[in-house]
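Colleague: First to last, the sequence lines map onto chains L and Z.
According to this note's numbering, the first sequence is numbered sequentially starting from 1.
According to this note's numbering, the second sequence is numbered sequentially starting from 1.
No lab work stands behind these hints: they were computed from the structure.
Hints may be right or wrong, so weigh each one.
Below, a list of computed lysine-lysine pairs in the PhoX-like style, where the Cα atoms sit at most 25 Å apart [to be verified]:
| # | chain 1 | residue 1 | chain 2 | residue 2 |
| --- | --- | --- | --- | --- |
| 1 | L | K56 | Z | K212 |
| 2 | L | K436 | L | K401 |
| 3 | L | K401 | L | K56 |
| 4 | L | K583 | Z | K212 |
| 5 | L | K436 | L | K56 |
Covered by chain Z, per the in silico footprint, the following chain L stretches (three or more residues, Cβ under 8 Å) [unchecked claim]:
| # | region |
| --- | --- |
| 6 | 40-46 |
| 7 | 183-194 |
Every value quoted in this text rests on a predicted model; they were computed, and no experiment measured them.
We put the beta carbon where it would ideally sit given N, CA and C, even for glycine.
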Amino acid sequence: MPRQRTVPTRATRPLAAALAIVLALGAASAGAADGATDPNLRELATSSLEQLMDIKVSTVTGAPQSRLASPAAVYVISGDDLRRSGHRSVVEALRLVPGMYVGQVNASSWVAGTRGLTGSTITSNRYLVLIDGRLVYDPLVSATFWDTVDTPLEDVDRIEVIRGPGATLWGANAMNGVINIVTKSAEATIGDLVQLGTGDQDPLGVLLRHGATAGTDASYRVWMKYDRHGDYEAMDGNSLHDDWSNLHGGFRYDRQVDPSTTLTVMGDAYIHPDAGESLLLPVPGRDRETERVTGDAHVTGANLLLRLNRGFGTPDGWRLRAYYDETTRNDFRFGAQRQTADLDLRAWNHWGERQDLMWGAELLWTRDRTRPEGPVLSFDPDARAWSQANVFVQNTSELVKDRLSLMLGSKFTWHEFTGFDVQPSARLWWTPDARKTLWAAVSRPVRMPSRFEVDGRLVLGYADLGALLGRPPNGIIVPLEVTGDEDLRNERMVAWELGYRFQPSSRWLIEASLFQNDYQRLIEPAPTIIGAFTDAGSGRTRGVELNASAQVTDAWRVEGGYSWLDVAIDGPVYQFEENSSPKHMAQLHSYLDLGNRFELNGALYHVDRIEQLAVPAYTRMDLGFTWYPGSRARISLWGQNLLDAGHAEGSGAVVPRNLYLQLSFDLAH
Amino acid sequence: MRTEHALRWRLRGKGVLALAAALLSVGGGVAPARAVEARPAASAATRAPSEDEVAAAFLLNFLRYTDWPPRTFATADAPFVIAVVGNEAVATHVRAVVAAAGRINGRNVEVRWIPSARGTRAAPFDSLPDRENLSQLRRSHLAFFHSSAGDVPAQALSDLWGQPVLTVSDVPDFTRAGGMLGLVRVSGRIAFEANPVAIRNARLMLSAKVLKLARLTGGPRS
Numbered sequence: 001m002p003r004q005r006t007v008p009t010r011a012t013r014p015l016a017a018a019l020a021i022v023l024a025l026g027a028a029s030a031g032a033a034d035g036a037t038d039p040n041l042r043e044l045a046t047s048s049l050e051q052l053m054d055i056k057v058s059t060v061t062g063a064p065q066s067r068l069a070s071p072a073a074v075y076v077i078s079g080d081d082l083r084r085s086g087h088r089s090v091v092e093a094l095r096l097v098p099g100m101y102v103g104q105v106n107a108s109s110w111v112a113g114t115r116g117l118t119g120s121t122i123t124s125n126r127y128l129v130l131i132d133g134r135l136v137y138d139p140l141v142s143a144t145f146w147d148t149v150d151t152p153l154e155d156v157d158r159i160e161v162i163r164g165p166g167a168t169l170w171g172a173n174a175m176n177g178v179i180n181i182v183t184k185s186a187e188a189t190i191g192d193l194v195q196l197g198t199g200d201q202d203p204l205g206v207l208l209r210h211g212a213t214a215g216t217d218a219s220y221r222v223w224m225k226y227d228r229h230g231d232y233e234a235m236d237g238n239s240l241h242d243d244w245s246n247l248h249g250g251f252r253y254d255r256q257v258d259p260s261t262t263l264t265v266m267g268d269a270y271i272h273p274d275a276g277e278s279l280l281l282p283v284p285g286r287d288r289e290t291e292r293v294t295g296d297a298h299v300t301g302a303n304l305l306l307r308l309n310r311g312f313g314t315p316d317g318w319r320l321r322a323y324y325d326e327t328t329r330n331d332f333r334f335g336a337q338r339q340t341a342d343l344d345l346r347a348w349n350h351w352g353e354r355q356d357l358m359w360g361a362e363l364l365w366t367r368d369r370t371r372p373e374g375p376v377l378s379f380d381p382d383a384r385a386w387s388q389a390n391v392f393v394q395n396t397s398e399l400v401k402d403r404l405s406l407m408l409g410s411k412f413t414w415h416e417f418t419g420f421d422v423q424p425s426a427r428l429w430w431t432p433d434a435r436k437t438l439w440a441a442v443s444r445p446v447r448m449p450s451r452f453e454v455d456g457r458l459v460l461g462y463a464d465l466g467a468l469l470g471r472p473p474n475g476i477i478v479p480l481e482v483t484g485d486e487d488l489r490n491e492r493m494v495a496w497e498l499g500y501r502f503q504p505s506s507r508w509l510i511e512a513s514l515f516q517n518d519y520q521r522l523i524e525p526a527p528t529i530i531g532a533f534t535d536a537g538s539g540r541t542r543g544v545e546l547n548a549s550a551q552v553t554d555a556w557r558v559e560g561g562y563s564w565l566d567v568a569i570d571g572p573v574y575q576f577e578e579n580s581s582p583k584h585m586a587q588l589h590s591y592l593d594l595g596n597r598f599e600l601n602g603a604l605y606h607v608d609r610i611e612q613l614a615v616p617a618y619t620r621m622d623l624g625f626t627w628y629p630g631s632r633a634r635i636s637l638w639g640q641n642l643l644d645a646g647h648a649e650g651s652g653a654v655v656p657r658n659l660y661l662q663l664s665f666d667l668a669h
Numbered sequence: 001m002r003t004e005h006a007l008r009w010r011l012r013g014k015g016v017l018a019l020a021a022a023l024l025s026v027g028g029g030v031a032p033a034r035a036v037e038a039r040p041a042a043s044a045a046t047r048a049p050s051e052d053e054v055a056a057a058f059l060l061n062f063l064r065y066t067d068w069p070p071r072t073f074a075t076a077d078a079p080f081v082i083a084v085v086g087n088e089a090v091a092t093h094v095r096a097v098v099a100a101a102g103r104i105n106g107r108n109v110e111v112r113w114i115p116s117a118r119g120t121r122a123a124p125f126d127s128l129p130d131r132e133n134l135s136q137l138r139r140s141h142l143a144f145f146h147s148s149a150g151d152v153p154a155q156a157l158s159d160l161w162g163q164p165v166l167t168v169s170d171v172p173d174f175t176r177a178g179g180m181l182g183l184v185r186v187s188g189r190i191a192f193e194a195n196p197v198a199i200r201n202a203r204l205m206l207s208a209k210v211l212k213l214a215r216l217t218g219g220p221r222s
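In isolation and in its complexed conformation, chain Z is listed as follows (with noise of 0.2 Å):
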């Protein structure tokens, strides 16, 4: 239906190159090299952190304070796992305050995203890959379950009870509900409330000095 029409465009040679060069040297900034810090000391100041944020680095110091059992770890390596249950910007704030810290205790730490969002139906333990949620869930060292994912799943708590995984929420009564560290806001500031029976039965060890810092609950699980 169509009568042959030449058409050639024809690469500008030139211009070409000139972009190429560009992707090339965005490309090269991808690997993560600890890139020389251009901005003047000055502007290191205060920009108030958003709350994920400041979640995220409670989260490293429950880490830093928590002992798990040598089993957990494949090799000496091997690094700790994150898994954070939420929307996607959850999970990227958690991986961005993870990268600024380093290592933990000597160890990498890795964060895995289980997507789930507020209020839907394609909640992790509901429809999809629940037994592969749990299971990656089971294999990690801390579970954050954030509210972007809604309530807390009964069944995630009870299948964790007993496994050496660290339960942490920001949904309210967390510890209540059987789960080990709970962030709660106390006028506009972030505490967090433990239970140390949940913790215990998983058996990890809590250093004392973060308990004297929590509001315990005692609660039995439901």
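The following block holds chain L by itself, in its conformation from the complex (with noise of 0.2 Å):
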């Protein structure tokens, strides 16, 4: 029977006297390093033209921000790309990234990841997935819900990809990489958008869309999509019933509050008028007895967030940024609501002459409250709330100017379920000159079990204790289940990382990255599955990511791609995850300008077999028309997955060949 607790009351009183005394002297130091009085752009704004024509201009490094950057393996993926790719969802854009494995499991979850261990429902995944900053990565099942993860990809400006430790700029759990999606900001979408989508997989999408400026410093916008999803198919041909539909509105306001500060606000809301999903349930109390359920999950959610500006793009400045989410999904595994609210500050400096120091704080605080009755997933407590703590330190410095640069930084992390941790990390970079950069890394990041992991109790199945032991049944019925531990300690690795980008002409770029990632403490399922989770897991995983780009001509681009990847888990754990990601992906995409008014775009993707979930491997082609027949709309028809009827990606649906056609009109005020 469920064991009643308390939960702990850790020491939060003196950790936010502790937060807040760190942020005022944040804001102090700050204030006093302002970007409108930085001594060099008052020079240069003062400079005659003849003073300004004898200045020896920087090639190499460029804006500062690029010196704040430091070189990891990033991939950005333009707001351009995004609509040349005939993706209609974050998740399935994520596909673009050289490295990163995304399968379909049903009409609204997907497994992705980057760099292996990628995740199941019985393990977690090890990337953090932000929306301009605000964490859509679910803590309580370590786990992503993409269905929920639905920005209007009009409004999308572009989304990075950090594959490997987030270094010490991203919040805990970031050790195989973070996704950032970013928003574009008011002023970029100002005017009146209409969008209609029809296909045969996904039969409507409307978009609707107000832009404008509000007075001479500030512009808003306000937002509305409705989608439906229809249903896949099994690999037997039956629906999985999973149809469903989303209505999702939101808003965002940007401000020019002074020449150098900026304000932004944010919000959407959301809830799933359909949610349809067909399970097969463990009957309780019956030896090994499944009962099919068919129904409509529950699923809403809503947002805001805030941020104030200072200096961005400049070497002195900082920014405030304080978010509260609210997430409810109930369904016929397991409910749960979760609020989260944070506050993160941090500033960068240049100082000395070649020095440039960021540092930040950051409180993320979580509450949830599950279903105690499960039936499959439950938690005890049901409810809790906890916080978590990161004040983070790092610093760039141009050992060689224009040529080598080193950035050493660390993180240190307080969870309340696992107490206090450091996250190191150091990077190298050098630029023998402006068309090559060679760089090396080294970090430590963790993660942080779970609620799941800790407090969690995953009935797989009910079973006779007689039949299971071999004897004769004697009526003594047992659960099967995966539960938590709580004396689970963060997992830890260390990445060595060893990258090169090289622009051979302005039309070229080619870039490789190596790495090996040692885990140790790896938070798995028991050998047999049933049981405790266990940090006694060990392993390595190393890979290759390469990409390049050629501009052929002036109409036509192409992009190709290609990783590989061996993981290997050692240790008195369930070793499943060796054999759950595919080795080999590769991947081609054309973009051809056909004169001013067309484009004809296309994709192919091939992904190796995933032994561990009986996937072949699979070769998929999309093929995109865009017209645009004035200069205010424009036409999309795409052919995805055209190679063949269906196939699986992961363990559940067959992904169809389907057609899609979108229209989109900007219309005058």
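Dock chain to chain to rebuild the complex, using the hints, since each chain is given by itself in its own frame.
Modeller: Structure follows, in structure tokens:
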């Protein structure tokens, strides 16, 4: 029977006070390093033409941003690439990232991740997903519910994907990567937009957006979208009854408070009027019996974010961000309502002649309430609130001007489940000339166990005890479950990375990265699955990621990528994750402009087989044709998965061949 | 579906007050008081400016040494308006340099950003409110077409021809295409080309001192 426990009341009070002092100190020092009175800028601004014409301008590092944004295996999906890929959701668009595995499980769920250990129903994934800095990865089960990551793609400015440890800048659990979806500022979306789409798999998609200025210094947008997604079929041809729909609305407001300060407020709310699911649930009290339950889950959420930014993109500045996020998910397996509040301050200063210091502090508070009777997934205690505090510091030094830079940093985390931990990292990059950069990094990120791994209880089935032991049934029915362990410690990893980026000419770009990750205290289910989670695992992943981009002619751009991954897991744990990622992945994209009014875009993806899930290798081709009838309209027709009638990507649905037509209009005021 | 579970999250009084105090102090720092320079003088030194910052400084000089007809200012106090066509980073740099400059010829300088990024179909003059963007450009004193927006659309230049808007760009061959001032790179430094015909046609007076420093192109409008 579930044990009753009081929630431990750790030392939250002195922690909050300490954080407040840090914030206050930060504000004081950041105020002194005011971008508006930067002596260098002042000198520049009052220089004469003759003086300006005498200044040697740096070619390599360029804007101060590039010094702060140290090279890592970063891949940026621009808003334009997004549009020309034909994907209709953020998670599908992640297929563009070399090394990123995206496997659609059914109409509303996906497994995605990079560098292995990408998670499943009983194991966690090890990367963060954020929208404008707001966490959308769910800490309850250490997974991302991709059906709630539904930012309108028209509003996405870019998706930044950091493969590998998110250095010191990002939250804990960014072991294998960070996916940050950055939306466009309100200034960039002024006007009225109407978008309509229809296809054989997704029967309806509507987006309405209105953006306008609010005075001379501010602008805003409000939007609403409604999508209907059709159901998928399993391998045997039966429907999974997983059709769903999504009603989502939001706003964003940006204001230029003064020349160097911007204020942003944004928020959105969603509800899924339909959220179909059809599951085989174990019947309690019966020996290995399951029943099929079909119906609709209940999914809603809302959030609000505020951000104040001073000196963004300049060498000295700070940024304050606060958000509140609430999600509710009630399906036939479990129910949970989660609230998160976050406060984050970071500041950056240029000091000495060639040093850039960045530091910050963050306080994250989460509260959840879960459905005590599960039936499949439950938690003990069924409601809990916990907090986490992070402080990070990072310094980038230009050791040799324009040639060699070094970044040293560390993140200090205090988490209510596991206490204090340190995540140091170091990165070195060498630019022998303007065309080449070679970089190397070593980091030691950690991952905190999720609430599921600590307090959870996942019932896989019920069985007669006698039958289980190989004897005649004795009528005692016991649950077969995976349970949490409150003594789990943080997972640790040492990541070694090496990368090279080369621009042979202005039309070519080649990038390569190598990595090896050594995991300690890997949290996995027990060797026989049934039992408690254990941190006795260890593992090693290593791989290579390559991508190249070529502007073949002025109207034709080609991009290609390849990745290889090898996963090894040791220790007394259930080792299925060794074989739950594909070994090879490759992709090729072609973006062709036909005159001024037509585009032909295409993509070819190849994903190697996944042994553990018995999913064979597949090759997928997408092709899209876009027509601009006038300056305000756009019509595109996309065919996805054209090469075969359907293929499986993860355990679950067959992803079918489908067509989608989208019309987009910018209306005059 | 949920049983009632009485969970109370009690605000830990002192901690929250301390946090609130921190927030207020940060909020107070937002208003750009000319803060006391806490940096020691020794570190007021040579950080190489980026190309965008130097370009912004050029724009300020162009403002200083050009005369606009009085009708382009609503009042004696009306500010100069620089319209920046390019990506967000460029606009931020221009704003930063403009903020550091203070007033030019007794007027404040305002920067308006017209968003655009390289290679996108959504270039401002092709899709969205092109009329709104063009009217914004016409209402500014200086229009800076940054290369991050791709090539300067011919439509924009022809629309501005004859208008008292100083057109500046770092896109190659700008002045030959009818632009007024073009920023060019010459052995690691920035120089500029000028098209006096275009400038005169706009009824703008650019100081002879500036024209002397420019590399002149006599190009007619395309």
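Colleague: It remains to establish, for every hint, whether it holds in the given structure.
Modeller: Comparing the hints with the structure gives:
Of the pairs offered as hints, the one joining K56 of chain L and K212 of chain Z holds, with about 21 Å between alpha carbons and a cut-off of 25 Å not exceeded. Straight-line distance between C-alpha atoms of K436 of chain L and K401 of chain L comes to about 15 Å, which keeps the hinted pair within the 25 Å bound. Of the supplied pair hints, the one linking K401 of chain L and K56 of chain L holds, its CA atoms being roughly 13 Å apart against a limit of 25 Å. The suggested pairing of K583 of chain L with K212 of chain Z is violated, with an alpha-carbon distance near 64 Å, which exceeds 25 Å.
For the suggested pair K436 of chain L and K56 of chain L, the alpha carbons sit about 21 Å apart, so the restraint of at most 25 Å is met. For the region 40-46 of chain L, the stated coverage by chain Z is satisfied: 6 residues place a CB nearer than 8 Å to a CB of that chain, which reaches the threshold of 3. As drawn, the region 183-194 of chain L meets chain Z at 6 residues by the rule of a beta-carbon pair under 8 Å; at three or more, the given contact holds.
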